[in-house]
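Line by line, the protein sequences give chains A and B.
The first sequence begins at 186 in my numbering and counts up by one.
The second sequence begins at 186 in my numbering and counts up by one.
Hints in this document: simulated from the structure, not taken from any laboratory.
Yeah, the Cβ is synthetic: ideal placement off N, Cα and C, and Gly gets one too.
A couple of the hints might just be wrong.
[Stated by the list, open to error] Here are some of the chain A residues that sit facing chain B, going by a computed Cβ distance under 7 Å:
1) V289
2) C312
3) V412
4) I413
5) G417
6) R419
7) G429
[Claimed, not checked] Derived list of chain B stretches under chain A, where covered just means 3 residues or more per stretch with a C-beta under 8 Å from a C-beta of chain A:
8) 195-203
9) 211-223
10) 240-246
11) 250-257
12) 293-304
13) 416-427
[Claimed, not checked] Okay, the calculated beta carbon distance ranges per label pair:
14) A:D335 x B:N319: 21 to 31 Å
15) B:A324 x A:A204: 26 to 36 Å
16) B:D279 x A:L280: 51 to 61 Å
17) B:A380 x A:P351: 44 to 54 Å
18) A:A349 x B:D359: 40 to 50 Å
19) A:R236 x B:D381: 23 to 33 Å
20) B:T383 x A:L285: 15 to 25 Å
21) A:D393 x B:R253: 34 to 44 Å
22) B:Q281 x A:R350: 24 to 34 Å
23) B:D359 x A:T383: 37 to 47 Å
24) A:A204 x B:P322: 19 to 29 Å
Here are the chains, one letter per residue:
Protein chains: 2
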Amino acid sequence: MVVGLGPGPAEWMTPEASAAIKAATDVVGYGPYVERLVLRTDQRAHASDNRIEMDRARLALRLAAEGRMVAVVSGGDPGVFAMAAAVFEAIEGDLQWLKLDIAVAPGVTAMQAAAARLGAPLGHDFCAISLSDNLKPWAIVERRLRAAADGDFVMALYNPASKARPTRITQAFDLLRTLKTTTTPVAFARAVGRADETLTLTTLGEADASLADMATLVVIGSSETRVIARDGARPWMLTPRAYGVRR
Amino acid sequence: MVVGLGPGPAEWMTPEASAAIKAATDVVGYGPYVERLVLRTDQRAHASDNRIEMDRARLALRLAAEGRMVAVVSGGDPGVFAMAAAVFEAIEGDLQWLKLDIAVAPGVTAMQAAAARLGAPLGHDFCAISLSDNLKPWAIVERRLRAAADGDFVMALYNPASKARPTRITQAFDLLRTLKTTTTPVAFARAVGRADETLTLTTLGEADASLADMATLVVIGSSETRVIARDGARPWMLTPRAYGVRR
């Protein structure tokens with residue numbers, strides 16, 4: 186089973202995911218996700234580095250083929266920029282694994298946790314775009330940012346920066362500033378649900394790309410997205426259900 | 186608290202959502218969502234019709250202002266085409282409610298449940314688009330479908346058809362057939378997680394719009410989305426993590 190652990194806290198992990206971890210003989214995943222779990226001594230943990238999703242997927246499938254009950258864990262939702270695609274790619278590459286009993290357990294993904302904290306920024310049509318160019322050309326990222334601006338979608342930007350490529354989000358902001366008004370609300374949601382959670386609400390004109398790291402989700406508003414100021418607290422961010430009403 | 190109950194089964198409802206329901210003195214929501222819950226005799230249920238989100242939001246805020254502990258429930262994630270936006274719109278309309286202690290509890294939304302059953306169709310960048318034109322002109326729906334096709338996003342289409350407007354999805358398919366190849370994988374995911382769950386995998390060329398109703402989520406692949414055939418079972422649907430590799 187490919188299992189989504191949610192963004193971090195136990196209160197956001199589904200009962201299905203908890204049951205899958207409990208039932209597993211083997212837990213396979215990126216180190217920090219595996220370490221988040223309290224496993225029994227009869228359960229085997231297979232923690233690995235971030236960059237080797239395919240090796241991890243194949244290890245999980247080999248273990249399952251040996252008859253083990255395997256949980257492949259992802260933070261958030263395994264279907265959103267996470268392990269589900271890698272597992273099915275591995276199956277496509279070795280069709281003997283098609284016989285295995287595979288299932289996916291969905292989870293709350295980072296943009297939903299960020300949205301919950303911010304108010305209702307995803308209240309209307311939206312896109313999720315990974316700025317990682319490890320497995321795709323930057324040109325397709327640009328094409329999608331342009332299309333998302335053309336469609337006036339709210340955008341949830343995953344993987345805005347990494348140690349290897351800290352400037353992706355800078356490039357994205359530079360492009361979006363040519364396509365959208367500078368007053369567009371922008372939020373940086375970092376480590377939502379964890380002890381070091383940080384939320385910053387700003388505008389496209391003033392957004393400081395250095396606030397984004399690997400643990401950050403960036404939300405860019407549509408033309409309808411607005412903020413509701415509060416005394417002594419961060420404003421709420423709202424994309425209303427109606428479109429074009431104020432025009 | 187604006188609470189996401191997930192797509193239906195208890196195994197997809199977060200512990201946070203369960204705790205919020207337990208702690209509530211009043212539960213406000215669309216009838217079928219409120220009926221899904223087992224409430225105590227000391228808890229008040231306020232079930233209402235689907236079309237009156239703003240009345241429901243204002244009722245919840247009035248109750249909270251009276252000092253009640255209110256859970257406003259949505260199926261799926263309240264931040265995705267659900268009650269969170271209505272609640273913040275109501276607050277914007279009557280700023281005395283800004284003083285209330287408001288929070289949002291995210292949940293698994295329909296596209297994630299559908300994706301989990303289908304394999305990994307959302308494995309790369311994607312859009313979520315509601316085809317409802319109750320609160321927006323159809324022109325913006327068309328603009329977004331065009332933009333999503335231009336950006337080669339996977340699309341998750343919510344509210345593809347209703348009793349009042351059964352032909353939205355037909356219009357969407359007609360438009361998308363002019364923009365994407367007829368072999369693009371398309372999935373209809375109906376009532377995922379419920380007893381009457383139905384999944385249908387087809388192509389854009391052959392998709393039968395009459396399969397979509399109010400309980401259906403429609404997934405349209407990108408140019409990279411493909412299927413993995415299985416003996417005696419529905420194929421898996423996969424959008425790989427890499428882009429342009431086969432070009």
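Quick rundown of the hints versus the structure:
no., hint, result
1, V289, "4 Å, holds"
2, C312, "4 Å, holds"
3, V412, "10 Å, violated"
4, I413, "5 Å, holds"
5, G417, "11 Å, violated"
6, R419, "12 Å, violated"
7, G429, "6 Å, holds"
8, 195-203, "holds (count 7)"
9, 211-223, "violated (count 0)"
10, 240-246, "violated (count 0)"
11, 250-257, "violated (count 0)"
12, 293-304, "holds (count 8)"
13, 416-427, "holds (count 7)"
14, A:D335 x B:N319: 21 to 31 Å, "24 Å, holds"
15, B:A324 x A:A204: 26 to 36 Å, "46 Å, violated"
16, B:D279 x A:L280: 51 to 61 Å, "59 Å, holds"
17, B:A380 x A:P351: 44 to 54 Å, "49 Å, holds"
18, A:A349 x B:D359: 40 to 50 Å, "44 Å, holds"
19, A:R236 x B:D381: 23 to 33 Å, "42 Å, violated"
20, B:T383 x A:L285: 15 to 25 Å, "24 Å, holds"
21, A:D393 x B:R253: 34 to 44 Å, "41 Å, holds"
22, B:Q281 x A:R350: 24 to 34 Å, "47 Å, violated"
23, B:D359 x A:T383: 37 to 47 Å, "46 Å, holds"
24, A:A204 x B:P322: 19 to 29 Å, "45 Å, violated"
Going through the hint list in order, the structure does not satisfy hints 3, 5, 6, 9, 10, 11, 15, 19, 22, 24.
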